[in-house]
Amino acid sequence: MKNLSQSLSLIDLIRKKILVSKINTLVTLIFAALTLWILYLLVNWAFIDAVFGANNRSLCLDPTIETGACWSVIAARWRLILFGLYPFEEQWRAAIACFVIILVAGLSTLSYFLSAKNLSLLWLGGFSLFYTLMRGGIFGLTPVKELMWGGLPLTTFIFSMVIITGMPLAVLFALLRRSELPWISRSMGLVIDTIRSLPLLAILFTFAIVLPFVLPGWLIGDKLYRVIIGFTLFFACYQAEIIRGGIQSLPGSQEEAAKALGISYWHRMSRIVLPQAFQRAMPPTVNQFVITFKETTLVSIIGFFDLLSSANAAYGTALWSFAHIEVYVFVAAIFFVFVFTLSRYGAYLENRLNVTKH
Amino acid sequence: MFSLFKSRKNRNKALQIGFVGFLILIVIAFILTARSNLESQGLTSGFDFLDRATGIGLNFSLIPYKSSDTYSRALLIGILNSIFVGAISLTFATFIGIVVGVMRTSRNTMAKLIGTTYVEVFRNIPLLLQLFFWYAILISLPRPTKTTGIFDMFFLTGRGIFTPGLNISGNFVFFAIMVMIATSGFVLWFNYSRRFLKFDEIKKFKIKRIVWIVGLIISIVLLTIGRIPGTELINIPYLKGLNYRGGICITPELMACIVAISIYGGAYIGEIIRAGINSVSFIQSEAAHALGLSNWHKFSRIILPLAIRAVMPTMINQYIWLFKATTIGIAIGFVDFFMVVSTSINGSGQTLELIGILMGGFLMINYLIAWTLNRVNNLIKLKGIQVN
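From first to last, the protein sequence lines stand for chains A and B.
Be aware that the first sequence starts at 0, since it is given in numbering that gives the first Met the number 0, and climbs by one per residue.
Be aware that the second sequence starts at 0, since it is given in numbering that gives the first Met the number 0, and climbs by one per residue.
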C-alpha cells in the first residue's frame, strides 16, 4: 500500500503549494462561472430551444423563431444511422445481433468467464449467433449479403472479428518474438516494428486496394474481409507488444522453476507464463480494445458504410443538410457510451491489480 | 535422415531456416504475382514515373506547384504538408496537454472537474468523428460576401480563414524558414551536446551570437530578394467578387486537421503529464519548500521538469502515434502525404512503387521523430541513481 499513501500525500502537497487560498477561491469562481455558462448554453441548445419530432423539419428552418438543436433529423433518420442499408423489414435482426455482442462483452467481465477456454467459447458462440442473425440464409431468415450491412452492426462486426482473430495471432507473435532462437525473434521483431510504424489507414488502404495486384486471382476474396485481415494484422502487432510486456514483467524465476520441473515448452507457456502475463497486461489490453473500437471508423474512408458513414449519409440529403451538428452529436454519444464504459472497466481492472500487487 | 532432427541444435537450425524461409517466400510470391499481374495489364514497374508530369491539382502546398510538375515534386509537397500539420498540431497538443494535466492534478476542485471532463469527452470519441465535426462547423461559417472582418484584417469564412500575409514569393519564405530552423537547431545542439561541454561559457556565447546573426542576415537577404516588386510588404486580404484575395488563406481542411488532432492529442498528452506529475516524489517539493522557493517556482522549476523527464519515453510513442494519425486528413480532402500517394496511384497506376514510397516515408519520419526525441531524452534525463 506504499504507493497509495504516497500519492495521497502528494495530492495534499500539491494542494498546499500550487494555489494560495485567495487565488484559489478566485480561480474556482471563474471556472465555476465558465462551466455554468457553457452548461447553460448547452442545455438551452440541446433541450429548451430544441425541436423534437420527426415531422417538425419546417420548424427548424423557420427564420422567425430562434431554435436550438433540431433533433427531428434523428427522429426521422435514426434507423439509417444505426443500421445503414440493411433491409428495413429485417432490421430487428441487426438490433438483436448487436445486443448479443454487447451482452457477450458484458458477460466477459464476470469472473466465471475469465479463463482462456470459457472466454473463447463465449466469444465464438456469441459471434456465430451474431453472424447467423446478420447473414441469414438458415432457419428461414432471408439472406442478407455483407455488402448490405452497415451502421452499428458493421462496426461491431469488424471490431469483434479483429479481436477474435487478432488475439490468438498476437499471442503467437509475442511468443515468436520472445523465442530463444535468434533468427526467429529478430525477423518477427522486424515484421512487428515495421507494421507498428505504419499508419493504420495506409495498411487498410493497402489491403483494400493494393492486395488484389499482388495476389493470385483465387486468393483475392471480398474487400471487407481483406480490410479485416489488414486490421487484424495491425491489431495483433500492437497487442503482441502488450503481451510481451506482460511476459517480461514476470519474474524470470517463474519460467526457471517450470524448466527445473521438466515442464515442456507448451505447458510452460500455456499454464504458467501466459496466464500470469495476461493478468498483468489486462489494463493495456482493454486500452487497446478502446483504441481499436475507435479506429474502426477509419473503414469509412475506404468506402464501407459503418456508423460514421451512415451518419454522413443521414444529413447528406438536401432535406437535412443543415443538421450536421445534431447527427454528429448523436453518433458521438453512441461511441461515447461504448468507449467510456470500456475505458472505465480498464481503469477498474488497473485499480484492482494495483491493490492485489501490494 | 530423421536422426538429424533428434539433436536439439539441428532441430533449432531447421526451425529458424524454415521460419525465415517462409517469410522470404511470401515476399517473393507477392513480387512475382504482382509482376505478372502488372505485365498482363501492360504496366511496367520502376521509378521512371517520378519524372513524369502529374496533371493533378493540389489545393494546398507550402512550395509553388503547378499541375505540370513531376510526381516527385507532388510527393515532396505531400511530405512537407504532413510534417507541417504534424508539427503544428503536436505543438498545440502538447500545450493543451500540459494545461489539462496541471488542471487535473491541482487542488482546485473546479479545475480538476473541467480537466477531467475535457479528457473524458475528447478521448472517448473517435478522432475521425471529431475531424468531421470540426470540418462541418468550419465550412458552415458564413460565405465570404457575408462576413465582417476582425479589425478588417482577419476574415472567418466558410472558404477558409484569411489573415494578412507578406508579399514575398513562396520559395524564398520557405528557404528563409528552413535557414532559421537550421540555425536554431544548430544553436540547441551546440548548447547541449556533450561534445562542446569543455568550451567556456563566454566563448560559447560569442559563437552562438555569431551563428544567430549570420542566420538572421541570410534569411533577411532571402526575404528581400523574394519580395514581389511593386507591391506593399504586408498583404491584407480584400473582397473581390465572391471571395477574398491576397493575404494568407488557412483552408478549412488544414484548420480542421489542426484543431481535431490538437484537441484529441491534448487529451491523451494531458493524461501522460498527469501521470508524470503524480510520479514526482513529494520529498522533492518538501525540499524545495525548505529552500524557500515560491509556489510558482516550486512548480515550474522542480515539479514540471521532473514530471516531463519521467514521461519522456511515453511521450515519444504518443508523438509517433499522433503523427501517424495525421493521415486521416484524406477523409476531408487535406493534401497530405497519404493523399498525394493515393491520388498518384490513381493517376499513374504505379501502385507497388508508390506504396513502397509511402511506407518508406513513414518509416523514415517516425524513425526521425524517435531518434531526435530519444536524443533529447538522453540529454535531459536524470543522470546517476535516483534516491527517493
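None of these hints come from the bench; they were simulated from the model.
Mixed in with the good hints there might be a few duds.
From the derived model, a few chain B residues whose C-beta atoms are all more than 12 Å from chain A [said to hold, decoys possible]:
#1 Lys197
#2 Leu351
#3 Met363
In silico EDC-like cross-links for lysine to aspartate or glutamate, where the CA-CA straight-line distance does not exceed 16 Å [unchecked claim]:
#4 B:Lys8 to A:Glu88
#5 A:Lys144 to A:Glu89
#6 A:Lys144 to A:Glu179
#7 B:Lys12 to A:Glu89
#8 B:Lys111 to B:Glu285
#9 A:Lys222 to A:Glu145
We treat Cβ as the ideally placed atom computed from N, Cα and C, and that holds for glycine.
task: May I ask which of the numbered hints given earlier this structure violates, with the numbers listed in increasing order?
output: Violated: hints 2, 3, 4, 6, 7, 8.
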